[in-house]
Amino acid sequence: LPILGLIFITGMGVALGSNFLMQTIQKVVKNQFSTTDIKLVMFVIALALAFSALPAGAIAVKLGNHRAMLYGITATVGLMMLMVLVPNALIGLVAIVGLVAVFSLIINGTIPYALSLVPPQRAGLGTGMYFGGVGIAASLFGLIVPQSSLSVMTPINTAFWGAIAFVLAGVCIAISTKFQPSIST
1 LPILGLIFIT GMGVALGSNF LMQTIQKVVK NQFSTTDIKL VMFVIALALA FSALPAGAIA
61 VKLGNHRAML YGITATVGLM MLMVLVPNAL IGLVAIVGLV AVFSLIINGT IPYALSLVPP
121 QRAGLGTGMY FGGVGIAASL FGLIVPQSSL SVMTPINTAF WGAIAFVLAG VCIAISTKFQ
181 PSIST
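Here the sequence shown is numbered in the numbering used here, starting from 1 and rising by one per residue.
Each hint should be verified, as a subset may be incorrect.
Claimed, not checked - Derived lysine to any residue pairs resembling SDA-like cross-links, with alpha carbons at most 25 angstroms apart: (1) Lys39 to Ala89; (2) Lys178 to Ala75; (3) Lys39 to Phe179; (4) Lys39 to Ala53; (5) Lys39 to Gly124; (6) Lys30 to Gln147; (7) Lys39 to Gly5; (8) Lys62 to Thr74; (9) Lys30 to Gly124; (10) Lys62 to Phe43; (11) Lys178 to Ala123; (12) Lys39 to Ala123; (13) Lys178 to Gln121; (14) Lys178 to Gly124; (15) Lys30 to Leu93; (16) Lys30 to Lys62; (17) Lys178 to Leu168; (18) Lys178 to Gly98; (19) Lys39 to Gln121.
To be clear, the hints were calculated from the coordinates, so they are not data collected in a lab. No experiment lies behind these values; they were computed from the predicted model shown.
Take these sequences, add in the hints, and give me the full structure.
Spelled out as structure tokens, the structure:
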């Protein structure tokens with residue numbers, strides 16, 4: 001039962017962290033690059049995330065999924081904070097490119113993470129708990145951070161809250177490495 005809670009909270013942390021990460025990137029792009037076409041930039045970032053899935057998967061296979069996700073979380077938090085604490089266009093651009101690479105280690109590892117913690121006959125329960133956490137986080141995000149508040153938050157604020165969410169997910173992933181799926185039904 002504790003493992004299901006860890007999977008659920010990991011889903012919440014990754015979802016909240018992802019939401020705050022994307023808000024942070026949007027704010028940095030708008031502030032650093034004076035572009036009004038944020039949607040196009042975010043589309044390019046989403047496309048780059050899709051293309052980074054194969055290299056991220058290869059890294060996860062080599063390092064192990066839990067470790068790759070923890071490295072991804074650590075690097076994502078570091079690059080996100082660098083991007084907002086050192087307001088420089090070149091650093092912002094390098095951080096965004098780096099974020100695409102390391103964030104992929106997180107998002108591509110979520111399903112294997114959930115599946116690795118439950119016995120095969122409980123695979124649906126494991127993924128359901130993860131996506132339940134994602135769904136709760138998505139629903140709560142609008143309540144916790146209304147659009148009116150989000151629009152006035154600084155990039156430092158959104159990066160800080162994103163970092164907290166990712167660290168929460170990272171703690172759950174680290175704790176979950178102690179658990180092995182049981183073979184019983």
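So, going through the hints one by one against the coordinates:
Between lysine 39 and alanine 89, the direct Cα distance comes to roughly 19 angstroms. Compliance with the 25 angstroms bound is thereby established for this hinted pair. For a cut-off of 25 angstroms, the pair hint linking lysine 178 to alanine 75 stands: about 23 angstroms separates their Cα positions. Of the supplied pair hints, the one linking lysine 39 and phenylalanine 179 is violated, its CA atoms being roughly 41 angstroms apart against a limit of 25 angstroms. The straight-line distance between the Cα atoms of lysine 39 and alanine 53 is roughly 21 angstroms, inside the 25 angstroms bound, and the hint therefore holds.
For the suggested pair lysine 39 and glycine 124, the alpha carbons sit about 35 angstroms apart, so the restraint of at most 25 angstroms is broken. Note on lysine 30 and glutamine 147: the hinted pairing holds, with a Cα-Cα distance of about 17 angstroms set against a maximum of 25 angstroms. For the hint pairing lysine 39 with glycine 5, the CA-to-CA distance comes to about 35 angstroms; that exceeds 25 angstroms, so the pair is violated. Of the supplied pair hints, the one linking lysine 62 and threonine 74 holds, its CA atoms being roughly 18 angstroms apart against a limit of 25 angstroms.
Between lysine 30 and glycine 124, the direct Cα distance comes to roughly 41 angstroms. Violation of the 25 angstroms bound is thereby established for this hinted pair. Under the criterion of a C-alpha separation no larger than 25 angstroms, the hint pairing lysine 62 with phenylalanine 43 is inconsistent with the structure, at around 29 angstroms. A distance of roughly 19 angstroms separates the Cα atoms of lysine 178 and alanine 123; the hinted pair therefore holds under the 25 angstroms criterion. Taking the CA atoms of lysine 39 and alanine 123, the gap is near 36 angstroms; set against the 25 angstroms cutoff, the hint is violated.
For the proposed pair lysine 178 and glutamine 121, the alpha carbon gap of about 20 angstroms is at most 25 angstroms, so the pair holds. Between lysine 178 and glycine 124 the alpha-carbon distance is near 21 angstroms, which keeps this suggested pair within the 25 angstroms criterion. Pair hint lysine 30 plus leucine 93 holds up; C-alpha atoms about 12 angstroms apart against a cutoff of 25 angstroms. The suggested pairing of lysine 30 with lysine 62 is violated, with an alpha-carbon distance near 37 angstroms, which exceeds 25 angstroms.
At roughly 17 angstroms between alpha-carbon atoms, lysine 178 and leucine 168 fall within 25 angstroms of each other, so this suggested pair holds. Between lysine 178 and glycine 98 the CA atoms are separated by roughly 30 angstroms; this puts the pair beyond 25 angstroms, and the hint is violated. For the proposed pair lysine 39 and glutamine 121, the alpha carbon gap of about 42 angstroms is over 25 angstroms, so the pair is violated.
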